[in-house]
Amino acid sequence: MRVSALKLAMIPVLMFGFGFALVPLYDVFCDITGLNGKTGRIEASDIDATQVDTSRTIEVRFLANTNTGLPWSFEPLVKKMSIHPGEVYEAVFRVRSTSDKATLGQAVPSVSPGLAAQHFNKTECFCFTQQELAGFESRDMPLRFVVGRDISDKIEQITLSYTFFSLDQG
Amino acid sequence: MSTEITHGGHDAHADHDHHGPAKGLMRWVTTTNHKDIGTLYLWLSFIMLLYGGSMAMVIRLELFQPGLQWVEPHFFNQMTTMHGLVMVFGAIMPAFVGLANWLIPIMIGAPDMALPRMNNWSFWILPFAFTMLASTTFMEGGAPAFGWTFYAPLSTTFAPDTTDFFIFAVHLMGISSVMGAINVIATILNMRAPGMTLMKMPLFVWTWLITAYLLIAVMPVLAGAVTMMLTDRHFGTSFFDAAGGGDPVMFQHIFWFFGHPEVYIMILPAFGVISAIVPTFARKPLFGYSSMVYASASIAILSFMVWAHHMFTTGMPVAGELYFMYATILISVPTGVKVFNWVTTMWKGSMTFETPMLWALGFIVMFTIGGFSGLMLGVAPVDTQYHDTYFVVAHFHYVLVTGALYSIIAAFYYWVPKWTGHMYDERLGKIHFWWSTIAVNVLFFPQHFVGLAGMPRRIPDYSLQFAEFNMISSIGGFAFGLAQVFFLYIVIKTIKGGEKATDQVWEGATGLEFEHLPSPPPYHSFTEAPPVK
Chain A
1 MRVSALKLAM IPVLMFGFGF ALVPLYDVFC DITGLNGKTG RIEASDIDAT QVDTSRTIEV
61 RFLANTNTGL PWSFEPLVKK MSIHPGEVYE AVFRVRSTSD KATLGQAVPS VSPGLAAQHF
121 NKTECFCFTQ QELAGFESRD MPLRFVVGRD ISDKIEQITL SYTFFSLDQG
Chain B
1 MSTEITHGGH DAHADHDHHG PAKGLMRWVT TTNHKDIGTL YLWLSFIMLL YGGSMAMVIR
61 LELFQPGLQW VEPHFFNQMT TMHGLVMVFG AIMPAFVGLA NWLIPIMIGA PDMALPRMNN
121 WSFWILPFAF TMLASTTFME GGAPAFGWTF YAPLSTTFAP DTTDFFIFAV HLMGISSVMG
181 AINVIATILN MRAPGMTLMK MPLFVWTWLI TAYLLIAVMP VLAGAVTMML TDRHFGTSFF
241 DAAGGGDPVM FQHIFWFFGH PEVYIMILPA FGVISAIVPT FARKPLFGYS SMVYASASIA
301 ILSFMVWAHH MFTTGMPVAG ELYFMYATIL ISVPTGVKVF NWVTTMWKGS MTFETPMLWA
361 LGFIVMFTIG GFSGLMLGVA PVDTQYHDTY FVVAHFHYVL VTGALYSIIA AFYYWVPKWT
421 GHMYDERLGK IHFWWSTIAV NVLFFPQHFV GLAGMPRRIP DYSLQFAEFN MISSIGGFAF
481 GLAQVFFLYI VIKTIKGGEK ATDQVWEGAT GLEFEHLPSP PPYHSFTEAP PVK
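Residue numbers (our numbering), protein chains in the order written: chain A, 1 to 170; chain B, 1 to 533.
Note that these hints are calculated values from the structure, not bench results. Careful: at least some of the hints might be erroneous.
Residues of chain B clear of chain A, computed beta-carbon distances all greater than 10 Å [said to hold, decoys possible]:
#1 22
#2 83
#3 151
#4 283
#5 317
#6 346
#7 385
#8 437
#9 486
#10 497
Lysine-lysine pairs mimicking DSBU-like chemistry, simulated, CA-CA at most 35 Å apart [said to hold, decoys possible]:
#11 200/B / 7/A
#12 200/B / 500/B
#13 7/A / 500/B
Non-contacting residues of chain B with respect to chain A, defined by C-beta distances greater than 10 Å in every case (computed) [what the hints assert, rightly or not]:
#14 23
#15 131
#16 141
#17 221
#18 224
#19 291
#20 294
#21 311
#22 334
#23 496
#24 531
From a predicted model like this one, the values you see are computed outputs, not experimental measurements. Quick reminder that beta carbons are idealized off the backbone N, C-alpha and C, glycines included.
Assemble the whole structure, with the sequences as input and the hints as a guide.
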């Protein structure tokens, strides 16, 4: 009886651990399936510039938001652009602090439709690192991206949204 | 009236036993007796039912008319949140644990639960947990107001400081449930009387065995979720905070990974209760015993694979929606097996309609209505319209009130003559049934209509076109609430006295507790294992 009770007690302990294991599992699952709008990262040298699919045109729209607690204004300089799969493009986002103090933020991307996310790769992005702005500083931040040629031909429009979150304590 | 009750004298083979309970209040604090602990659980859940019910009254009072009349929106949110938490964790779950404590040992011929001291502990944690949870109402910031599902970031970034009391209360409830469940499994697997094979066990024991496995599997996941909330709130982690690389949608996945098995935790023991009552009053053995066992087990297994049907509107890809839709609808197959088995058990039976049978029949009819609205909600394309409307509220109250709660009340009327030795007042029991059943349908049925018409849940005000149905619903709500105060009177009256119940209690009753124990059973029963045919 004592043995079976102890064995049974192992199940809740394992399941408590499993609850936490769901966190990395969730990330891995989203990474593999491209769900949840998580975009990929690619090295510039890995892109074959000759492989541009000029027969297709996809419209990419940009959204920029700041979350509560971050006194920044944040917007894309170009709201939308038409692109060919396989070609590298650059978009610029402008951020400006409305605070007189130094502030720290982190941009988090999200792509819609979700299934486009795994084909949306970036060689350079302001979201790769934290951004620190001095009081009232303004900054133009580049984003270099390429949409993979193997993207489903049902997708004609992609929306890329960035939200800046505050990393300042308090 | 007493014709339906057998008076077969039973030469009580008891009362040579050693000692009764200790005297005074300490009996209840230090008890390790499964009957005492069962009683404590049942009383706690009744108190919680009235407490959660009084918050429902506040909700229905505010919704009696459009506009804001009685309470502030923030207080209204606290009421909906606490009502849900108290009813789920305080009323339904402890009531089933109480029934398990009272019934499992006397159903399988065991002298007590396997781990009596842990049993005492798992009960006595609960009053502290609920006192802690309830006390937040009087603190600065108020009680939790983010819904009983406590989605992040509402429950992390934007929640009041009292949320930490809520988190620890949930931890305590989880520990209590897990200990109770381990106790149930250890009892069932180790302490059955010789000859009581697994496939001879009463279905209530079977469904509780399966429920207990669900409990030890998912309560720790809930504990993990609230622990992540706690560390997100205070220790700088970002499980559910997108700024730090976390994801609020992940909270919903983790919560419903617990939450969906949880709804079967609240209904599987109910299936066991109904499977005991229907054969007794149909005077036929249960139809399809083994299919009932397999159906319960398949419901339990499927319950782990359908959680995201609560999340159809989170922007899931079509493939995910399709999978969760089909898996959800698959559950209606084993559930349908159960309903058909109960109906077939009654078919051509010599039925009588004493109070427990009335509640059981009410369960079968109205739980099935709740099941059908559940099917509608499980269909992903239409769920987009029903999501977070009063249609959902109507659905889960049909399965939890006229489902789980009705089975608990049925169980009370069915076994209380065995527990106390007194018959309840049959006339009052029938009044209680018809009063509750009319009221509960007046209360919840109109909510289907306002839900389909688009009235959102958890909102203290509504558009004018919903006014009539909400007023009807509120009137039903007050009547249903009053009926349960009447139930309290019946309970006390039955405990204090009443016609002496026979040992078999019901003409058609079978099972060790009715065949081998007097009513009431001695404080220590089955100190020697009974013969099992």
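Consistency of the hints with the structure:
no. : hint          : verdict
1   : 22            : 25 Å, holds
2   : 83            : 26 Å, holds
3   : 151           : 16 Å, holds
4   : 283           : 38 Å, holds
5   : 317           : 6 Å, violated
6   : 346           : 37 Å, holds
7   : 385           : 21 Å, holds
8   : 437           : 38 Å, holds
9   : 486           : 40 Å, holds
10  : 497           : 39 Å, holds
11  : 200/B / 7/A   : 25 Å, holds
12  : 200/B / 500/B : 30 Å, holds
13  : 7/A / 500/B   : 44 Å, violated
14  : 23            : 30 Å, holds
15  : 131           : 24 Å, holds
16  : 141           : 18 Å, holds
17  : 221           : 4 Å, violated
18  : 224           : 3 Å, violated
19  : 291           : 27 Å, holds
20  : 294           : 22 Å, holds
21  : 311           : 12 Å, holds
22  : 334           : 23 Å, holds
23  : 496           : 38 Å, holds
24  : 531           : 23 Å, holds
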